[in-house]
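As they're listed, the protein sequences go chains A and B.
Under numbering that gives the first Met the number 0, the first residue of the first sequence carries the number 0, and numbering increases by one thereafter.
Under numbering that gives the first Met the number 0, the first residue of the second sequence carries the number 0, and numbering increases by one thereafter.
These are calculated hints, taken from the structure and not from any lab test.
Idealized CB from N, CA, C, for every residue including glycine.
Be a bit skeptical, because a hint or two may be false.
Okay, derived cross-link-like pairs now, EDC-like style, lysine to aspartate or glutamate, Cα gap no bigger than 20 Å in a straight line [claimed, not checked]:
(1) Lys-272(A) x Glu-306(A)
(2) Lys-272(A) x Glu-288(B)
(3) Lys-115(A) x Glu-288(B)
(4) Lys-60(B) x Asp-73(B)
(5) Lys-276(B) x Glu-288(B)
(6) Lys-115(B) x Asp-84(B)
(7) Lys-147(B) x Glu-162(B)
(8) Lys-182(A) x Glu-137(B)
(9) Lys-115(B) x Glu-100(A)
(10) Lys-182(B) x Glu-140(A)
(11) Lys-179(B) x Glu-140(A)
(12) Lys-179(A) x Glu-140(B)
(13) Lys-147(A) x Asp-99(B)
(14) Lys-115(A) x Asp-99(A)
(15) Lys-182(B) x Glu-100(B)
(16) Lys-147(B) x Asp-99(A)
(17) Lys-179(A) x Asp-99(A)
(18) Lys-272(A) x Glu-288(A)
(19) Lys-126(B) x Asp-84(B)
(20) Lys-147(B) x Asp-99(B)
(21) Lys-272(B) x Glu-288(A)
(22) Lys-182(B) x Glu-137(A)
(23) Lys-272(A) x Glu-100(B)
(24) Lys-147(A) x Glu-100(A)
(25) Lys-182(A) x Glu-140(B)
(26) Lys-60(B) x Asp-84(B)
(27) Lys-147(A) x Glu-100(B)
(28) Lys-115(B) x Glu-162(B)
(29) Lys-147(B) x Glu-100(A)
(30) Lys-272(B) x Glu-140(A)
Examples of chain A residues lying across from chain B (beta carbon under 8 Å, computed) [unchecked claim]:
(31) Ala-149
(32) Val-235
(33) Ala-238
(34) Val-327
2 protein chains.
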Amino acid sequence: MKTIKIPAITLSILVLVSGFTEAKAPVGIVIHGGAGTIERSQMSAEQQQQYEATLTDAVNKGYQLLAAGGTSLDAVIAAVTLLEDSPLFNAGKGAVYTWDETHELDAAIMTGQDRKAGAVASVSNVKNPILLARAVMEHSEHVMLTGKGAEQFADTQQLELVENSYFNTEFRYEALKRAKQAKQALPHQAAVLTDPNWKMGTVGAVAIDSQGNLAAATSTGGMTAKRWGRIGDVPVIGAGNFADNSSCAVSGTGHGEYFIRYNVASDICARVKYQGKTAATAAGEVMRELLAVGGTGGVIVVDPKGELSWAFNTPGMYRAKRNAAGTVVEIFGNQNEKTSN
Amino acid sequence: MKTIKIPAITLSILVLVSGFTEAKAPVGIVIHGGAGTIERSQMSAEQQQQYEATLTDAVNKGYQLLAAGGTSLDAVIAAVTLLEDSPLFNAGKGAVYTWDETHELDAAIMTGQDRKAGAVASVSNVKNPILLARAVMEHSEHVMLTGKGAEQFADTQQLELVENSYFNTEFRYEALKRAKQAKQALPHQAAVLTDPNWKMGTVGAVAIDSQGNLAAATSTGGMTAKRWGRIGDVPVIGAGNFADNSSCAVSGTGHGEYFIRYNVASDICARVKYQGKTAATAAGEVMRELLAVGGTGGVIVVDPKGELSWAFNTPGMYRAKRNAAGTVVEIFGNQNEKTSN
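Build out the structure end to end from the sequences listed, making use of the hints.
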């Protein structure tokens, strides 16, 4: 009988390589730019191209970091920062107007390996609210800061500050005027929003990195014509943003009040954790149940196996995802997936 | 063969009475006045008597409404309003001081049959923040209002407004001075709270009414020496307050940042709903897991069968419960239940 001798050093290398390969999770990222009444008939080819180009840039920016061994935290921050800087979406530069014709922005970040979280609400002078949310998570003892207090904290964090007028856009101002007209015609008690676009355009990203760590980031200008210091689902951890390595990471967009009442993000992860469902199945269930009670919107999810998916109960959602299998960029509902590499 | 004739009217009454009896759930209420380092050695007999008397008054007030056929919503509001009006607890009158020597109060309410919710944060001039949370739920299209905006909304709601100095108490001012001294001695990055009492004293109530509907209410002055518009778990629906007829109702108290990151209230209810655990079992699990990651506090829970319970990972928690079986009022840990009727 012949024995094969393998030098100890070769064995060590084999073990090392094998161990390293096993530790590498399939990296991936999903992003969204809001869900709502987005229909092909209402969008010019040029507009569609603009949205698709920005979504592609954002998903690529995040993916490149992941592919280079970066963290899911850095990847979702990079993607969301890019979307905040675009006037196309209701976050950062493109934030909607409040009733008082100002802008109040909200954002949240969460990391799945340690369930650390940071959230800011009603911030008016920070160019990239998602960076402030990250600073809250990393450099304060708190999770959620709001208003002037949050801005005082921002002052200590070397973040880029801007005048509130930086967020002015003609397109959003017209939307405010329409919203105010419609609202003033309604009695106070019945002041229910009728135009889903008033609350559309939140941006978000979820990702998994090579260490298998999940992260979720979400940023929004909130609801057009919002009043009274209204806070939506984005900075409410578990409603519009959530990450937990033992279940999934979620970023949501839609009618924030419903996302809060139904704990959308954490309910999806609870079904994964306690019922053994896939994140995709859980997300689909929760969005169907939400619609049944009147809540519209969508979510993007990633699970610890690296499965990337989305679910929405609106006509469309700006969305993109990228992993080793390729890139998908979509806007309208029921699209055949267009995969490109 | 002899037939027994029952007049139609009698049958109708029998059906009516039987139906009515079946619809009656066992009513009950649980309340808390905060969890923390509450030890017998640190409390005089007189102090203990004061706390026990106020807890008894609050639980009785809520229970009497329930016994008379009132709603769980009215019962938890009545109990929490009474606790807010007492200087003993860190809510309403007894609210702690912020870093800037003011008071910023948070509160939340949720009803289990429709998952409606209302929350307010950083409110400085409303005598009973829990009543403002209820007004947000019932009279606005929003779930969460904050700061000056929330106060503008309060102005439209016929609520009792007070000067911020109404919340001044000598006892809390001394606590602020101690907290600031301790914090200023620490480098910013390490500004971790060391005195659990700084964040103690939140009040809350959960109840079930004769219709089987659950409700949860929570109110707090937050964390002593809080800064930067910090918001804790109370107004974050799913963190410190939650109600859902299909699982349970929870009110929490403790280190708010941990309650947010671990979605304490909704995680307890998710375990009931998706794992079939009792609310008491789920609450015990979650509080043990929270302690393992460094989070201290406690919760009170009620499930749709009317089981009343609590769980806390601190030395003590101000707490009381009442149902047909009697009344229990406790402060310290490991107490033998004292039941009285």
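Evaluated hints:
Using a Cα cut-off of 20 Å, the hinted pair Lys-272(A) and Glu-306(A) holds, with the two alpha carbons roughly 15 Å apart. With a C-alpha separation of about 15 Å, the suggested pair Lys-272(A) and Glu-288(B) falls inside the 20 Å cut-off, and the hint holds. Proximity of Lys-115(A) to Glu-288(B) is assessed by CA-CA distance (about 15 Å); at most 20 Å being required, the pair is judged to hold. For the suggested pair Lys-60(B) and Asp-73(B), the alpha carbons sit about 10 Å apart, so the restraint of at most 20 Å is met.
About 16 Å separates the Cα atoms of Lys-276(B) and Glu-288(B), which keeps this hinted pair within 20 Å; it holds. Pair hint Lys-115(B) plus Asp-84(B) does not hold up; C-alpha atoms about 25 Å apart against a cutoff of 20 Å. The suggested pairing of Lys-147(B) with Glu-162(B) holds, with an alpha-carbon distance near 14 Å, which does not exceed 20 Å. Only pairs whose Cα atoms come within 20 Å are accepted, and Lys-182(A) paired with Glu-137(B) is accepted, the gap being roughly 18 Å.
Between Lys-115(B) and Glu-100(A) the alpha-carbon distance is near 29 Å, which puts this suggested pair outside the 20 Å criterion. For the hint pairing Lys-182(B) with Glu-140(A), the CA-to-CA distance comes to about 12 Å; that is within 20 Å, so the pair holds. Taken as a hint, the Lys-179(B) and Glu-140(A) pair is honoured in the structure, with Cα atoms around 15 Å apart against an allowance of 20 Å. This hinted pair checks out: Lys-179(A) and Glu-140(B) have alpha carbons roughly 15 Å apart, not beyond 20 Å.
For the given pair, Lys-147(A) sits about 13 Å from Asp-99(B) by alpha-carbon distance, which is consistent with the 20 Å threshold. Taking the CA atoms of Lys-115(A) and Asp-99(A), the gap is near 34 Å; set against the 20 Å cutoff, the hint is violated. With a CA separation close to 15 Å, the supplied pair Lys-182(B) and Glu-100(B) stays within the 20 Å bound. A distance of roughly 13 Å separates the Cα atoms of Lys-147(B) and Asp-99(A); the hinted pair therefore holds under the 20 Å criterion.
Only pairs whose Cα atoms come within 20 Å are accepted, and Lys-179(A) paired with Asp-99(A) is accepted, the gap being roughly 10 Å. Taking the CA atoms of Lys-272(A) and Glu-288(A), the gap is near 19 Å; set against the 20 Å cutoff, the hint holds. As the CA atoms of Lys-126(B) and Asp-84(B) are separated by approximately 8 Å, the hinted pair is consistent with the 20 Å bound. A C-alpha spacing of about 16 Å is found between Lys-147(B) and Asp-99(B), which places the hinted pair at or below 20 Å, so the restraint holds.
Taking the CA atoms of Lys-272(B) and Glu-288(A), the gap is near 15 Å; set against the 20 Å cutoff, the hint holds. Restraint check for Lys-182(B) and Glu-137(A): the C-alpha separation of about 18 Å stays at or below 20 Å, so the hint holds. Of the pairs offered as hints, the one joining Lys-272(A) and Glu-100(B) is violated, with about 43 Å between alpha carbons and a cut-off of 20 Å exceeded. A distance of roughly 17 Å separates the Cα atoms of Lys-147(A) and Glu-100(A); the hinted pair therefore holds under the 20 Å criterion.
The hinted pair formed by Lys-182(A) and Glu-140(B) meets the criterion: a straight-line CA distance of about 12 Å does not exceed 20 Å. With a C-alpha separation of about 14 Å, the suggested pair Lys-60(B) and Asp-84(B) falls inside the 20 Å cut-off, and the hint holds. Distance check on the hinted pair: Lys-147(A) and Glu-100(B) sit about 16 Å apart at the alpha-carbon level, within 20 Å; holds. Between Lys-115(B) and Glu-162(B), the direct Cα distance comes to roughly 30 Å. Violation of the 20 Å bound is thereby established for this hinted pair.
The suggested pairing of Lys-147(B) with Glu-100(A) holds, with an alpha-carbon distance near 16 Å, which does not exceed 20 Å. Among the hinted pairs, Lys-272(B) with Glu-140(A) is inconsistent with the structure: their alpha-carbon atoms are about 32 Å apart, more than 20 Å. The interface hint given for Ala-149(A) holds, since its Cβ lies 5 Å from the closest Cβ of chain B, which is under the 8 Å cut-off. For Val-235(A), the shortest C-beta to C-beta distance to chain B is roughly 5 Å, which falls under 8 Å, so the interface hint holds.
For Ala-238(A), the shortest C-beta to C-beta distance to chain B is roughly 7 Å, which falls under 8 Å, so the interface hint holds. A hinted interface residue such as Val-327(A) counts as satisfied when its beta carbon comes closer than 8 Å to some beta carbon of chain B; here the least separation is about 30 Å, so the hint is violated.
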